[in-house]
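Going line by line, the protein sequences match chains A and B.
Note that the first sequence covers residues 9 to 243 in the numbering used here.
Note that the second sequence covers residues 3 to 404 in the numbering used here.
Treat the hints as calculated values from the structure; they're not laboratory data.
This one's a predicted model, so the numbers in the text were calculated from it and none came from an experiment.
The beta carbon of each residue, even a glycine, is placed where N, CA and C say it ideally should be.
You may find that some hints are simply not true.
To be verified - With the Cβ distance kept under 8 angstroms, some of the chain B side facing chain A (calculated, not the full set):
(1) Ser17
(2) Leu320
(3) Glu323
(4) Pro397
Unchecked claim - Some chain B residues well away from chain A (every beta-carbon gap over 12 angstroms; in silico):
(5) Gln4
(6) Lys8
(7) Trp9
(8) Phe10
(9) Glu77
As the list claims (entries may be wrong) - Which bits of chain A does chain B cover? Going by a derived footprint, with three or more residues having C-beta under 8 angstroms, they are:
(10) 55-65
(11) 85-94
(12) 113-121
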Amino acid sequence: MSLLEINNVSKIYGELHALDKVSLKVEKGEWVAIMGPSGSGKSTLMNIIGCMDRPSEGEVLMDGIDIAKMNQKELTLIRRDKIGLVFQQFHLVNYLTAVENVMLSQYYHSIPDEKEALEALDRVGLAGRARHLPSQLSGGEQQRVCVARALINYPEIILADEPTGNLDEANEKIIMDLFHNLHNEGTTLIVVTHDPEVAQTAQRTLFLRDGKLVRETVNENFTGEIKYEDWTENK
Amino acid sequence: MQKKRKWFFRMAFASLLRRKSRMLIALLAIVVGATILSGLVTVYIDVPRQMGAEFRNYGANVIFTSKDGTALTIEEINDGLSNVNSSQIVGMTPYRYETVRINQTPVTAAGTDMSSVLKTSPYWSVDGEIPDKDGEILIGATVAQNYNLQVEKSISVTFTPEEVAEEAVAFDNGDEAAEGETSTSDVVLDNYIDFKITGILNTGGAEENYIYMSLEDLEELTQIPTTISLAEVSISASGSDLTAVVGSINQNSENVSAKVVKRVTASETTVLGKLQALILLVTIIVLALTMITVATTMTASVTERRREIGLKKALGALDGEIIKEFMGEQVLLGGFGGLIGTILGFLFAQLISVNVFSSSIVFRPVLLPLTIVISMAVTAVACLIPIRNATEIEPALVLKGE
Chain A
9 MSLLEINNVS KIYGELHALD KVSLKVEKGE WVAIMGPSGS GKSTLMNIIG CMDRPSEGEV
69 LMDGIDIAKM NQKELTLIRR DKIGLVFQQF HLVNYLTAVE NVMLSQYYHS IPDEKEALEA
129 LDRVGLAGRA RHLPSQLSGG EQQRVCVARA LINYPEIILA DEPTGNLDEA NEKIIMDLFH
189 NLHNEGTTLI VVTHDPEVAQ TAQRTLFLRD GKLVRETVNE NFTGEIKYED WTENK
Chain B
3 MQKKRKWFFR MAFASLLRRK SRMLIALLAI VVGATILSGL VTVYIDVPRQ MGAEFRNYGA
63 NVIFTSKDGT ALTIEEINDG LSNVNSSQIV GMTPYRYETV RINQTPVTAA GTDMSSVLKT
123 SPYWSVDGEI PDKDGEILIG ATVAQNYNLQ VEKSISVTFT PEEVAEEAVA FDNGDEAAEG
183 ETSTSDVVLD NYIDFKITGI LNTGGAEENY IYMSLEDLEE LTQIPTTISL AEVSISASGS
243 DLTAVVGSIN QNSENVSAKV VKRVTASETT VLGKLQALIL LVTIIVLALT MITVATTMTA
303 SVTERRREIG LKKALGALDG EIIKEFMGEQ VLLGGFGGLI GTILGFLFAQ LISVNVFSSS
363 IVFRPVLLPL TIVISMAVTA VACLIPIRNA TEIEPALVLK GE
């Protein structure tokens, strides 16, 4: 059984089909990238996978459970148990320190534990900046706090939306190295990006256009040798 | 659970202390409201006492006479006063009235305790001084005019004892025996004392027709032991409180019949009622305005934190948790604002009291929890709708790369 299985999912706003009969599977421990131009449906797909939106049609199976028909409260409970979110804009609470931002995620999930939160910050190389407020951290440091917050509850999937979109090259490398480490530890990663270099680091890249999944590339051995597998709109 | 509770407060305090400028604006709104509320409530509660003291300038509000129509004694008066809280007694002045003569013309003399007379009749206007020792006398303005009397001059006041008066009547009727008796050596004459006039009394009322001396001088003049015709009592109470005090005196005293001076108490009650109603109205309006101000501030604050709310929901916060968090934070702020407001409100009330009533007020400890609880409740109610609306925020909003 796949960790995530999406079958014929559509999201329709009036005349607009933000997603049109999209089907995909993500296996446990896999690293998948989703690419596509603006308006291709990336965000809509992210929201549905992240349990922040429901599809108009189709089924979304997470660990075999269909979450497509769940209400907001049930989706929230699934989200806090199974999903770790990394945002392009970091979205840290500005009046909480780095360690408190990590603990915030623990608070909603179970019980805040400062020691464990400090260990998570240590994993992303920010043990020395734990008591700093977001305004005292660089963009790269803020993103690392965001990663620590995403992984603190040991989620089944880490869902990252343009995680390097606001970072310079050095910080982009740090974040991608962190993702590599997480992947090596068995964490499932789904990364939405418009950056081909970031996408190429994933095992598989899915291409969206006009709400449809149009192509999939598989990077079989993570060596940079990317093998294209054509998808047609009729497939 | 303890860890979660600890974290809840840590987060709330972090929000309040690290968002200083935002927090101060909200706190200011609450403090201003709590200050005015606490100040006005203090004034509202204190007005009867303050105005009571003011009204006491218009004279005594209770009169003591005897139940059986005879005279009173000082002991009986004190027995009556024992039914009144001593802090409420502004003053008591006993009066004994006798008819005396000046230049053979009858005049009413009042024997009284000169040291307490201004406590029950503070409106008395005296040209000169109030007598403070034996042999001194205060003359009513009308009497002074009739006999052309002036301050510092002396005056001879006479009293005709009963037996002399009876003989005079008999003499007038041509009673031979009486006439014979007067010719004997044990003839009884009028008593007299030469007084020094220390002051002329102006009140615009009946008091100007009397002369005032000490009870001891009147006793010496009449050679009759002191009894009290009536006592004027000034009690710092009004309306139903005063009625209750008077009822208690009448019920518990042996020979004191207490009556309220309706002329004073009725107008006092009316004015007091209107003043309190006015303050209450202002308090309610201020409370409503405070609520609107706090609600507006809260709405702005919550709107500003929409992204934070969306983020928390994205991290897995349920609507109830968001409400609890924001409400807890704002209620804490409300409590703190209430605490500051109580202190400032007392100073505000003190300022009003000193400037308007020329007297200070006493801090009422009950106002502290009352103001804090009201501030918390107003803050909670005011931010209920904005927070409720905030829970409608879609967490997906924060995922958008804005």
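Do the hints match the structure? See the list:
{"no.": "1", "hint": "Ser17", "verdict": "5 angstroms, holds"}
{"no.": "2", "hint": "Leu320", "verdict": "6 angstroms, holds"}
{"no.": "3", "hint": "Glu323", "verdict": "7 angstroms, holds"}
{"no.": "4", "hint": "Pro397", "verdict": "5 angstroms, holds"}
{"no.": "5", "hint": "Gln4", "verdict": "9 angstroms, violated"}
{"no.": "6", "hint": "Lys8", "verdict": "8 angstroms, violated"}
{"no.": "7", "hint": "Trp9", "verdict": "4 angstroms, violated"}
{"no.": "8", "hint": "Phe10", "verdict": "8 angstroms, violated"}
{"no.": "9", "hint": "Glu77", "verdict": "74 angstroms, holds"}
{"no.": "10", "hint": "55-65", "verdict": "holds (count 4)"}
{"no.": "11", "hint": "85-94", "verdict": "holds (count 5)"}
{"no.": "12", "hint": "113-121", "verdict": "holds (count 7)"}
Going through the hint list in order, the structure does not satisfy hints 5, 6, 7 and 8.
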